[in-house]
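First to last, the sequence lines map onto chains A and B. Per this note's numbering, the first sequence runs over residues 826 to 1130. Per this note's numbering, the second sequence runs over residues 36 to 369.
Take the hints with a grain of salt, since some may be wrong.
Only some residues are given here: those of chain B computed to face chain A with a beta carbon under 7 Å [to be verified]:
| hint | residue |
| --- | --- |
| 1 | Ala94 |
| 2 | Leu162 |
| 3 | Ala257 |
| 4 | Ile258 |
| 5 | Pro330 |
| 6 | Ser333 |
| 7 | Leu334 |
Bear in mind the hints are in silico, worked out from the structure with no lab data behind them. Ideal placement from N, C-alpha and C gives every residue a C-beta, glycine not left out.
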Amino acid sequence: MTVQNPQISGGFSPVESEFKPATAQRYRWDRIFWFASLAAVVISLLVLLVLLIDVLTDGLPRLSWQFLTTFPSRRAEEAGLLSALVGSIYLLFIVAIFAFPIGVGAGIFLEEFVADSWFENIIEVNISNLAGVPSIIYGLLGLAMFVRLMEPITGGRSLLAGGLTLALLVLPVIIVSTREALRAVPDSLRLAGFALGATRWQVVREQILPQAFPGILTGMILALSRAIGETAALITIGALTFISFLPESWRDPFTALPIQIYNWVSRPQKPFHINSAAGIIVLMALLLLMNSVAIYLRNRFQRRF
Amino acid sequence: MASFRLFRLYYCGVLCSFYGLSGMTSDSPNAQAAGLWQPNRQLNKRVEAIVKVLFGGFALISVVTTLGIVLTLIFETFEFFREVPLWRFLSDRQWTPLFSNAQYGIWVLVSATLLTTGIAILVALPLGLLAAVYLSEYANPKVRKWLKPALEILAGVPSVVFGYFALLTVTPFLRSFIPGLQGFNALSAGLILGVSIIPLVASLSEDALYSVPDSLRQGSYAIGATKRETITSVVIPAALSGIVASFILAVSRAIGETMIVSLAAGQNPTLGFNPLVPVMTMTAFIVQVSLGDTPAGSLAYKSIFAVGMTLFLMTLVLNIISFWVVRRFREKYE
């Protein structure tokens, strides 16, 4: 009815004549935009691919059992990775010993005991701020606290000081992933536990934690893979770049994989660069192993409610 | 305050366990039932109180970490400024703290940091945003399922590996067609720094784009917009707060990045914004001093804390701005 009203259609007709859809041109821009956004993804992944191929072609011929089991040397051809590899593995253990219970405990406390309180809010803001602090600042904290202030306990620039610094660095990762894992467990399980007369801690220990465990474990592995690649914080607390012995206790000086790699890259001689590429392959292989374990655990144990 | 609250929690727990026990003994009607079922409530509640205090203490460690960072930086920076006046820190035009006629012009290091960060943002901003658009708007679920983990791998590459790549692969490559490019330079460090923060920009922006409700897109299509017009004039403006926040976080990450710039950008403090010559960023200076043997209490030792303080303040301000942008400008869709 209204469409046939001559006045209205008359009002529209000049607008129609001015309106130029120009669809061909607009669709061309659409294709260009689509192509550009696809190209952005492809370029990013291409850089990753070139990086991996570059490292593999440089380092793979150098990789051998001898490379993994000898100490670093002034002569590139004889240099090996043993002290760095052992140092990194020790560091991971120390980080795990300190960061896992503290991070999981803090996550449980925030999510199960004081959810939605001012205390939780403060800590939440604080943790998101900590996640934005550059790792080299953690290194300065470790230098002042663990290396200088607590020298009688840690023995100065030692494995323990490095491990504690890295533990503080990865703590936010563990806390956040623990909270997310706990949040994914439905409330009905908690209520059922309370209805049976269990205390909050009993419910968490017997019901919630087992359900949330795969998620927490994934977070722990991600935290460890962050710790194993961390260089700046360890250099700042003064990890040595040349160590030709294995640390006997956690109060001994140490070196780690990324630090050894940094040392080899920063030397001018070409053979050391090849060593660093081989070291990078070892580091990336460890990372890949840890991440695939994390993905396997996530797929194997994840339950949807 | 917090410790007072914890104490109250603990006190409450002890008190409750006491009442719990007395309540049970007083209203158990006959001895037979009590003999069959004896819940040890006092123990349970004591364990609960202990767990609560212990885990609360663990949660406080994150606050203690923040306090520790702020206090150490303030303390050592204060010591530094007792020997080097603040105006020299801000007005000197050279940075030579390890020389005999030492100069402490922080702008030298700040300008280098801004230079590498600027180059990195020029790379990461368009690539990251476009990648986010592709993942959120164009990619079908199958492709998405493969692309997201691939970008996460890029995010998980340790920075020292990017440093290797920038110094030993990208620089020789760029030198083959850029005359005057030196072995250490801000350009290749900045480019690779940019690549290393693409995943951060892409994943945070993608979250923001993905959470824009479909009804907005459908509305845009209904009035005749093409897909690109919908994205650039409806979806991106709707997600702008999240996108801006991700950029600011990326800038903050680039400022604090250490290994790429200290390996590829060199250790040469020069004032200016020439990307072809070696420069020294704030983080690279901290690394350089840390690698040498610096006794505690020396001026060089204090100077890395003063530089660290500058770095910390810059990233803190950026983090607060990004937090504020998200809070202030977020469009809420149920």
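Compare the structure with the hints numbered earlier in the document and write down the numbers of the violated ones, lowest to highest.
The structure conflicts with hints 3, 4, 5, 6 and 7, although it agrees with all the remaining ones.
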